[in-house]
Amino acid sequence: MLILHCPYCGVDAEETELHAGGEAHLKRFGPGSSDEEFEGYLFHRENPKGVHFERWRHVNGCGKWFHAARCTNTLEVFGTYSAQVFEPPQELQDKISAKRPGWEWRDLKGSDQ
Amino acid sequence: MSEALLKTALSGASSDGFVRVEELGPQGMITLRGDFDSAGFAAAVKKAVGLALPKQRKISTGKGGSVAWMSPDELLVLVDYDQVGATVAKLNAALEGEHALVADVSDARAFFRLSGADGAVRDVMAKLAPVDFSPAAFGKGDIRRSRLAQVAGAFWTPEEGVMQVICFRSVAQYTFDLLSVSAETGGEVGHFG
Numbered sequence: 001m002l003i004l005h006c007p008y009c010g011v012d013a014e015e016t017e018l019h020a021g022g023e024a025h026l027k028r029f030g031p032g033s034s035d036e037e038f039e040g041y042l043f044h045r046e047n048p049k050g051v052h053f054e055r056w057r058h059v060n061g062c063g064k065w066f067h068a069a070r071c072t073n074t075l076e077v078f079g080t081y082s083a084q085v086f087e088p089p090q091e092l093q094d095k096i097s098a099k100r101p102g103w104e105w106r107d108l109k110g111s112d113q
Numbered sequence: 001m002s003e004a005l006l007k008t009a010l011s012g013a014s015s016d017g018f019v020r021v022e023e024l025g026p027q028g029m030i031t032l033r034g035d036f037d038s039a040g041f042a043a044a045v046k047k048a049v050g051l052a053l054p055k056q057r058k059i060s061t062g063k064g065g066s067v068a069w070m071s072p073d074e075l076l077v078l079v080d081y082d083q084v085g086a087t088v089a090k091l092n093a094a095l096e097g098e099h100a101l102v103a104d105v106s107d108a109r110a111f112f113r114l115s116g117a118d119g120a121v122r123d124v125m126a127k128l129a130p131v132d133f134s135p136a137a138f139g140k141g142d143i144r145r146s147r148l149a150q151v152a153g154a155f156w157t158p159e160e161g162v163m164q165v166i167c168f169r170s171v172a173q174y175t176f177d178l179l180s181v182s183a184e185t186g187g188e189v190g191h192f193g
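For the protein sequence lines, the chains are A and B, in the order given.
All letters in the first sequence, in the order written, are residues 1 to 113 by my numbering.
All letters in the second sequence, in the order written, are residues 1 to 193 by my numbering.
I should point out that these hints are in silico values taken from the structure, not numbers from a laboratory.
Treat the hints with care, since some could be wrong.
As the list claims (entries may be wrong) - Derived BS3-like pairs: lysine-lysine, alpha-carbon spacing no greater than 30 angstroms straight-line:
id: 1; chain 1: A; residue 1: K64; chain 2: B; residue 2: K47
id: 2; chain 1: B; residue 1: K7; chain 2: A; residue 2: K109
id: 3; chain 1: B; residue 1: K58; chain 2: B; residue 2: K140
id: 4; chain 1: B; residue 1: K90; chain 2: A; residue 2: K64
id: 5; chain 1: A; residue 1: K64; chain 2: A; residue 2: K49
id: 6; chain 1: B; residue 1: K46; chain 2: B; residue 2: K140
id: 7; chain 1: A; residue 1: K109; chain 2: A; residue 2: K99
id: 8; chain 1: A; residue 1: K99; chain 2: A; residue 2: K64
id: 9; chain 1: A; residue 1: K95; chain 2: A; residue 2: K64
id: 10; chain 1: B; residue 1: K47; chain 2: B; residue 2: K63
id: 11; chain 1: B; residue 1: K127; chain 2: B; residue 2: K140
id: 12; chain 1: A; residue 1: K109; chain 2: A; residue 2: K95
id: 13; chain 1: A; residue 1: K64; chain 2: B; residue 2: K46
id: 14; chain 1: A; residue 1: K99; chain 2: A; residue 2: K27
id: 15; chain 1: B; residue 1: K7; chain 2: B; residue 2: K90
id: 16; chain 1: B; residue 1: K58; chain 2: A; residue 2: K64
id: 17; chain 1: B; residue 1: K63; chain 2: B; residue 2: K46
id: 18; chain 1: B; residue 1: K90; chain 2: B; residue 2: K140
id: 19; chain 1: A; residue 1: K27; chain 2: A; residue 2: K95
id: 20; chain 1: A; residue 1: K64; chain 2: B; residue 2: K127
id: 21; chain 1: B; residue 1: K55; chain 2: A; residue 2: K64
Said to hold, decoys possible - Have a look at the derived ranges for each label pair, beta carbon to beta carbon:
id: 22; chain 1: A; residue 1: S82; chain 2: B; residue 2: K58; range: 20 to 26 angstroms
id: 23; chain 1: A; residue 1: V85; chain 2: B; residue 2: N92; range: 31 to 37 angstroms
id: 24; chain 1: A; residue 1: K49; chain 2: B; residue 2: S38; range: 42 to 48 angstroms
id: 25; chain 1: A; residue 1: L2; chain 2: B; residue 2: A137; range: 18 to 24 angstroms
These numbers were taken from a predicted model, which means no experiment stands behind them.
Heads up, the beta-carbon is just placed ideally off N, CA and C, and yes, glycines get one too.
All chains, full assembly: derive it from the sequences and hints.
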């Protein structure tokens with residue numbers, strides 16, 4: 001059972017109160033983009049064994065979207081953060097680096113500590 | 001307003017188990033959305049209901065009604081059913097120029113009350129919602145939006161031994177059945193006493 005802290009209502013909500021929203025920080029490519037970009041936006045997703053960033057919605061609660069960083073391997077949750085950002089806060093990235101030195105996700109790279 | 005329009009979803013159904021479950025009469029409910037940080041918004045709520053903005057996940061009650069925190073930009077205002085029209089008008093007038101929404105949702109909801117021993121009432125709720133119902137974590141003045149089995153609901157405890165539950169009117173029967181079965185004699189858990 002996954003328990004995520006909703007940054008908007010401050011509840012430690014369990015999975016059944018939430019709805020998964022897929023990969024975080026996707027950049028939309030719409031009209032005018034190349035076929036490759038559009039294909040990437042639509043279909044190409046990360047499938048990491050380890051650090052992953054996702055969108056979640058507190059659907060049976062305040063109804064807000066937020067971001068979560070977790071490990072797909074151990075289900076450890078590193079933290080949750082606001083939906084209004086383009087990448088994870090540095091503080092959270094540092095926290096992940098402390099636990100998973102050298103982690104990588106898309107073009108994000110953690111430090112080796 | 002005619003009698004027919006005042007009918008609640010279940011016409012005041014009730015059931016008695018180790019906790020009493022009853023549907024309450026028509027309750028005025030107003031959804032209010034806007035920017036909590038705006039001084040004008042807080043002033044409008046104060047003017048219309050006489051209450052300050054509730055803190056995160058809190059419900060405050062006064063003479064004019066109650067105001068519940070629903071999300072970082074949403075409040076639920078509870079007033080007497082016959083006061084809804086006047087309160088909506090007051091809020092709209094006070095929110096002139098603000099980016100805000102006022103909607104009368106009274107007839108879109110169903111309202112239940114559970115009463116009995118405090119521990120038993122908490123047990124009944126704990127069977128249905130993924131929420132910590134210990135008195136330390138969920139006491140008077142706290143409100144939670146969560147789920148009751150498969151439907152969304154909000155609940156708070158106005159006094160010891162009482163829990164009030166709001167859900168959508170379309171799932172009123174389901175919610176009533178859920179609560180009744182959960183409160184059936186023989187289903188006591190004894191976790192919260």
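Hint check:
1. Distance hint between A/K64 and B/K47 is fulfilled; the C-alpha atoms sit about 28 angstroms from each other, no more than 30 angstroms.
2. Between B/K7 and A/K109 the alpha-carbon distance is near 60 angstroms, which puts this suggested pair outside the 30 angstroms criterion.
3. Our distance criterion of 30 angstroms between C-alpha atoms is met by B/K58 and B/K140, whose separation comes to about 9 angstroms.
4. Taken as a hint, the B/K90 and A/K64 pair is honoured in the structure, with Cα atoms around 28 angstroms apart against an allowance of 30 angstroms.
5. A threshold of 30 angstroms between alpha carbons decides the hint, and for A/K64 with A/K49 the separation of about 27 angstroms falls inside it, so the pair holds.
6. With a C-alpha separation of about 21 angstroms, the suggested pair B/K46 and B/K140 falls inside the 30 angstroms cut-off, and the hint holds.
7. The straight-line distance between the Cα atoms of A/K109 and A/K99 is roughly 13 angstroms, inside the 30 angstroms bound, and the hint therefore holds.
8. Our distance criterion of 30 angstroms between C-alpha atoms is met by A/K99 and A/K64, whose separation comes to about 28 angstroms.
9. With a C-alpha separation of about 24 angstroms, the suggested pairing of A/K95 with A/K64 holds against the 30 angstroms cut-off.
10. For the hint pairing B/K47 with B/K63, the CA-to-CA distance comes to about 13 angstroms; that is within 30 angstroms, so the pair holds.
11. As the CA atoms of B/K127 and B/K140 are separated by approximately 20 angstroms, the hinted pair is consistent with the 30 angstroms bound.
12. A hinted pair counts as satisfied when its Cα atoms are at most 30 angstroms apart, and A/K109 with A/K95 qualifies at roughly 13 angstroms.
13. The hinted pair formed by A/K64 and B/K46 meets the criterion: a straight-line CA distance of about 26 angstroms does not exceed 30 angstroms.
14. With a CA separation close to 28 angstroms, the supplied pair A/K99 and A/K27 stays within the 30 angstroms bound.
15. Distance check on the hinted pair: B/K7 and B/K90 sit about 25 angstroms apart at the alpha-carbon level, within 30 angstroms; holds.
16. Taken as a hint, the B/K58 and A/K64 pair is honoured in the structure, with Cα atoms around 18 angstroms apart against an allowance of 30 angstroms.
17. Taking the CA atoms of B/K63 and B/K46, the gap is about 12 angstroms. The hint holds against a cut of 30 angstroms.
18. For the proposed pair B/K90 and B/K140, the alpha carbon gap of about 28 angstroms is at most 30 angstroms, so the pair holds.
19. With a C-alpha separation of about 25 angstroms, the suggested pair A/K27 and A/K95 falls inside the 30 angstroms cut-off, and the hint holds.
20. A distance of roughly 25 angstroms separates the Cα atoms of A/K64 and B/K127; the hinted pair therefore holds under the 30 angstroms criterion.
21. With a CA separation close to 17 angstroms, the supplied pair B/K55 and A/K64 stays within the 30 angstroms bound.
22. Range check, A/S82 to B/K58: about 22 angstroms between beta-carbon atoms, so the 20 to 26 angstroms window is met.
23. Take A/V85 and B/N92: their Cβ atoms lie about 35 angstroms apart, and the range 31 to 37 angstroms holds.
24. For A/K49 and B/S38, the hinted distance range of 42 to 48 angstroms is satisfied, since their beta carbons lie about 46 angstroms from each other.
25. The given range of 18 to 24 angstroms is respected by A/L2 and B/A137, whose C-beta atoms sit roughly 20 angstroms from each other.
In the structure shown, a violation is registered for the earlier hint numbered 2 alone.
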